[in-house]
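Chains as they are written, first to last, in the numbering used here: chain A, 1 to 394; chain B, 395 to 866.
It should be emphasised that the hints constitute simulated quantities derived from the structure, not laboratory data. Backbone N, C-alpha and C fix where the C-beta goes; we use that ideal spot for every residue, glycine too. Treat the hints with caution; some may be incorrect.
DSSO-like mimics (lysine-lysine), calculated; alpha carbons at most 30 Å apart, straight line [stated by the list, open to error]:
no., chain 1, residue 1, chain 2, residue 2
1, A, K76, A, K198
2, A, K198, B, K722
3, B, K457, B, K414
4, A, K198, B, K712
5, B, K835, A, K198
6, A, K160, B, K637
7, A, K19, A, K76
Stretch by stretch, here's where chain A covers chain B in the computed footprint (C-beta under 8 Å, at least three residues) [to be verified]:
no., segment
8, 737 to 751
9, 825 to 839
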Amino acid sequence: MASRGIKDRVAIVGMGCTKFGEHWDKGAEDLLCEAAYDAYASAGLQPEDVDAYWLGTMGSGISGLTLSEPLKIQYKPVTRVENMCATGSEALRQAAYAVASGAFDIAMAIGVEKLKDSGYSGLVGNVPPNDGTEGNMTAPASFSLLAPAYFKKYGLDPDKGKDVLSRIAWKNHRNGARNPKAQFQKEVPLEQIKNSPKIADPLGIMDCSGVSDGSAAAIVVRAEDAHKYNKHPIYLKALSFCAGPAEGPLATDYDFTTFREVVATAKDAYSQAGITNPREQISMAEVHDCFTPTELVLYEDLGFSRRGTAWQDVLDGFFDLEGTLPVNPDGGLKSFGHPIGASGLRMMYEMWLQMRGEAGPRQIKNPKVGLTHNLGGAPGRCVSFVSVVGAQLG
Amino acid sequence: MRHMAGIVSYGSYVPYRRLKRAAISQVLGIPAGKGEKAVASFDEDSVSMAVEALRDALKSKPKGNVEALFFATTTPPYAEKLAAAIVGAATRLPSEIRAADLTGSVRAGLSGILQAADAVAGGASQAAVAIADSRLAAPEGKIEQQSGDGAAAFVFGNERVIAEIVGSSSLTREYLDTWRGPGEQFAHVWEERFALTQTLSPLLGQAIKSVLTRAKVQPADLAKIVLDGSNPRAAEEILRGLKIDPAKAADTFALTIGQTGAAHAALMLTSVLPASKPGDLILVATVADGADAILFRVTPAAASFKPVHSTGRLVESKGDVAYGTYLKWREILPTEPPRRPDPDRPAGPPMLRSEKWKFGFIGSKCTECGTPQLPPQRVCVHCRAFDKMEPYEFADRNARIATYAIDRLAYSLNPPTINVVIDFEGGGRFLCEMTDCEPDKVAIGDEVEMTFRRLFTAGGVRNYFWKARPKR
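So here's chain B without its partners, still in its complex pose (with noise of 0.2 Å):
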């Protein structure tokens, strides 16, 4: 059977981290909210976080060839270089692709959705689209309070389709609402009652009515109702507004990851997929500039799927960070500097010639003997055959902890370092760095898995690589 236009597949991605925002009030002496947010690491950004979700949802994902990749969020990385380019290299898309950075507000995570889905209508066998933000904010400020970092990423398809989409509406609109300058740290938000009154409750609610009246839907026949408000005040009044039963809405995740920008409304819509019964009606809907909304169908294919990380596993796999280490790893925090020349750029050539190495983590596998080895080799490490390897995948190879260091002296935003040899299932050995894990915590025999990182940044260059971390 033919469905139309629809998710797929889904991944997400919690960072492991949080910071408990009493830890905020201890530090800075104001009240700062209850529950705790979700916090990129030092080494992750809207890039890394992004790759994770879509890795996930590439594993789930059916037969097909994606042919468009959208790549969303408010933080990119670069202010001028394609970061949906890093997201393919690194999920191991095919270079014949088509793939654009969507950004300019927190609602460019919905406007991946759509252009996806267009996509998928437009002829692509698959179309993925994969959404991350970790948005600055500046102490004592309600938007550090309430924000999160997170991810989640879709293919579109139109077969095997768990959630289809029966119908969507934007509006665009230009009125100042929240605003950053090129090099400003920090965004600027617009006094909350001139929003409330006149911005986002109006236009959520003109793009919810729009859609739902366009679908002869009513607001009671909805099953899951996905609403983010960019104002949590915004999405109660719809809601209000519209006498749906709160219980309808989606966990906004307010208490345990926050309000994670150009995802949020993605992240909500991977938590409620799991439990969603065929026939279920979802709307999701988000306000920046305008707004959208759109309403999915779930499939009688949906009850086989299963995420490889559910986004409600990631949220119980967790770990806090202290409010003084959350400062210094967003350089909010100046710091002094180590008695240590500066890491040096990486550079172009090398890494155009490992491309597949260093972002799709490709190793080789020796022919002739069957050994993987990591990096990738021209003489086999056990037989010595010359040129008889083939490409071999190890970033979705499970690891143990061969033996480890912990290193006091490199210089990190994240002392100590920790270091660990691992051997990978099926064969190969890499030495790497461990991340989202504790120094006394690391014991020969651990399990492992890899993820993707980001080094340090020199010279403008985020150094992108693989790492390796408690298995989640």
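The shape of chain A in the complex, shown without the other chains (with noise of 0.2 Å):
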């Protein structure tokens, strides 16, 4: 019994990545049709090309039909997939394990979420019938729950530990601003950060992610087959997924300051891909910055910081585009929203642009190693995707 992973068993060869933005001219079968025309075109091939697909989308649509009928796809598999706010990676990871299987040659991982026509603000779930027990928390509140936990258990002043989670939001606008694709791209100064609204005290509108539609696809196949389709692919060095006991709500050792799940699959991707110090080894990451306070916890554990010091590393900038380990350098969840079903495709998506020296203004020096990570639920209660992508075999 071991997770193996498939380090470099398996390649990306193409992708595609709509806008994400308020698509009020489009919907869920527009941005599919469009991520997916610009993935064949990127890896140079024609849609009959591909021998399966593995669709992610919360709530934009129910089984394979949400992509093959809008693509016509002839007589495919097409899986829906389904994780939360890790939906995406859910569907690259089911699309590399089935040619890494040698089951397929070419598989697609597609991901997409409309969320912009429901005329409700925020998420909305489906539920099934219950027992009216469960409690009616948004997202924002939920994650609010790392702020005091965090705050006290390591002696940060509240003011000064807002200071910290507006800095974070601030290096994320910052970079958003310098990607065509964000939804916004625009800098955000400190202070009007620092007063935002209240949304989830500590937490400001500014400290959330916002709310868009969009879509974002990858082609994957063989590693050995990968430069029949593009000069430069880029490696799955690890792919590594898990669904958490839930215990924040329930056991008295967990205390908000971490998600054990992240920690778990970190853990196991750094183990699949060799990596023994990613504060050293990763040379960029895209993490999943629903609201400030989760990507100061991501930080630590991660392994990008130490316990209790991950705040001191963005007071000094050490996450920066510039910085020592650029997070989040296409802007994030904070600049892109959250399209569940794609925001785990688009990460990746920066990947890729970085990797191949495509990503214009904010292009990172020669990144050799990218981690990208994708979370969905609540702390104490979530699944947690991480992979680590490499520009060169070995």
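Got two chains here, each in a separate frame; can you build the complex from them with the hints?
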């Protein structure tokens, strides 16, 4: 019994990504078409070349028909997957394993979400009939549980803590301002972030990711075939996923300053990829910055910072675009919004661009190893995904 | 020593929120009287308040099986559906129990007390009655100014009785004084002089005289008189007519709680019992579509009885609510609906499956490693033993805040919603809403206790469940 991983056995040879934003003029089917055709073109493939599809969406459609119908896919397997906010990453993981197994030569992972049609603010879940005892917490409130717990544990004065959170949002918007696909492409002054209207104290509106529509897609093949399709593929070094036992709301030894699911997936991914010192070995990371305290805690869970020191690294600019370990160079969920099914693949799209030197004004110098991290749920009760990718084999 | 059927335990409940009468004046520009009134919060109703009072009464009661349960109110949550069943489930009473809702007039409260006493006289080991009211009243009216919300509960039995029933008198008459049709929000009240001269005062006087005569007790022999005259002036007239020292009249809570409908006489009784001495005679009477008068004699056992929350303490434990907020809570003032879907109606089958959890707040404890957990689990969160659980009650255990969230986005009649992660004394963690609390007062480490509330109403279903509140 072991998680062996598929290091260097699968490569991404094409990717597509729509602009993220309020696409009043496009439905999920339009977004899917755009991302899919963008990916076909990127890999130099025709639609009929792809053998199987994994479609990630949380609520913009059910079954593989959501994709096969608009794309007129000719009688091929399309699997719809859902794993909360990590849905897009889950689609990629399934597609990668399918080609690694030898069952298919070419597979596409594609994610989409159309959030702006509901007329509601924020996300709307689809809850099965129940006994009415489940809470009614919004996502920002769930993640805000981290802030007082973290501040208290590490003796951070709440005002200083707020500075740290604001600095994270400021950094991500600064990166997003350099990205033409982002929903928000403007830098936001630190003071404006710090003073934004409260949503879930201490979180203001500027501590939260936005709500947007979008789609992203990746085409995967076995690594040995990669150069047939693309001169600059990127290689999957690790794919790790877990659904936690949801101990946080049950067990008193969980202290809301960590995601145990992230710690577990990071450990597994580093073992698959042979990473021993992530702070030094990882060149860049795209992490799930749904709310600023999430990103703060992730730095420690992913091993980028020692416990209780991430806030200092934030203030030191360690994770800035010009820092030692740039995190969310594309602007993150903060700049892109969070179309659930698409976000995990959008993160991978930034790895694709950066490793191929196509990231324009936000290009990181010669990134070798990248990490994407995607989670869904709430602190203490979530699913987590970590991937490690590289520009080279080995 | 065996006593006649009597009170063996009691509890009371006064909601935390107070509406100052000056706040009504300020908004409506009319005189609204002095003092303040207790108001049920947005997440409370007659059932949830009855549960709170009965929890205390059951905690303090001597051993014995409660074999009958009566719930009395003029504001039942359902026109059809037994509210006593909800009260019984939330207080973890056994399902082998006779139960009834008593309603129709504010006299339902004393009717409930008499029914419970009769059930014990008829052979029940113990009988419980929970009485609560949260009457809606139209702005600018006297009822709005005078009424308040609250609850009281008693357990009757015939062993370790603290106040035995010496006698009672009941009158029933048909006349028009207070009425409310199906679907009507507010009650109508007939003109006051008619009530004072023809109905309320004469009937109350007659019932009191009748019980005193039969018990061969002179008005002067009474240690306390608990008079709920519906109209305060009716009570005053009775005291004058019987030449009873006004100092013997129990506090009507006019300035602190307000008139609590069906619960009022019972709530007043809970406030006089702690200071009473063995042998004291206490007369309790109320009037509405007739009158009930009950004469109690306090026994020596009363000296050792201590309520969990004394009524006096609950009167002092309070926080203000603005009049506009109160009008929103009561849905008298309509508000813009949130840009969020309506909550789903809770479903029958899962509610039945989780009855002990949802209503009784009973979790589980692993018999392998001893870890308490809630909601009840099949696989232990700590040692992962499968199906080694036994039921474990959490409702009466206190807890401390591990972390919290102030949710300004969630829809609530009382934003922001405060969520707390709490760790129970003796083990067990839960994430729930916190109520009766100001957002800037929440802190890690604070002590909380559990309270039975109504989370929301959807599809006509009142969704009751538990929340945390600061210790009162």
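_How does the segment 737 to 751 of chain B fare against chain A when you require at least three residues with a CB closer than 8 Å, holds or violated?_
holds (count 10)
*asked:* Tell me if the straight-line CA distance from K76 of chain A to K198 of chain A falls inside 30 Å.
replied: Violated - the C-alpha atoms of K198 of chain A and K76 of chain A are around 48 Å apart, more than 30 Å.
_30 Å limit on alpha-carbon distance, applied to hinted pair K835 of chain B and K198 of chain A_ = Judged against 30 Å, a Cα distance of about 17 Å means the pair holds.
_What's the verdict on K160 of chain A and K637 of chain B, does the C-alpha distance respect the 30 Å limit or exceed it?_
Not satisfied, since the Cα-Cα distance of roughly 69 Å exceeds 30 Å.
*Are three or more residues of the segment 825 to 839 of chain B within 8 Å, CB to CB, of chain A?*
Held - the segment 825 to 839 of chain B has 5 residues with a Cβ nearer than 8 Å to chain A, which meets the minimum of three.
*If you draw a straight line from the CA of K19 of chain A to the CA of K76 of chain A, is it 30 Å or shorter?*
28 Å, holds
*Is it true that the CA of K198 of chain A sits at most 30 Å from the CA of K712 of chain B?*
27 Å, holds
*Regarding the pair K457 of chain B and K414 of chain B, is the alpha-carbon distance no greater than 30 Å?*
42 Å, violated
*Under the criterion that the straight-line Cα-Cα distance not exceed 30 Å, is the pair K198 of chain A, K722 of chain B satisfied?*
Given that 30 Å is the threshold and the Cα spacing comes to 22 Å, the pair holds.
In summary, the numbered hints that this structure violates are 1, 3, 6.
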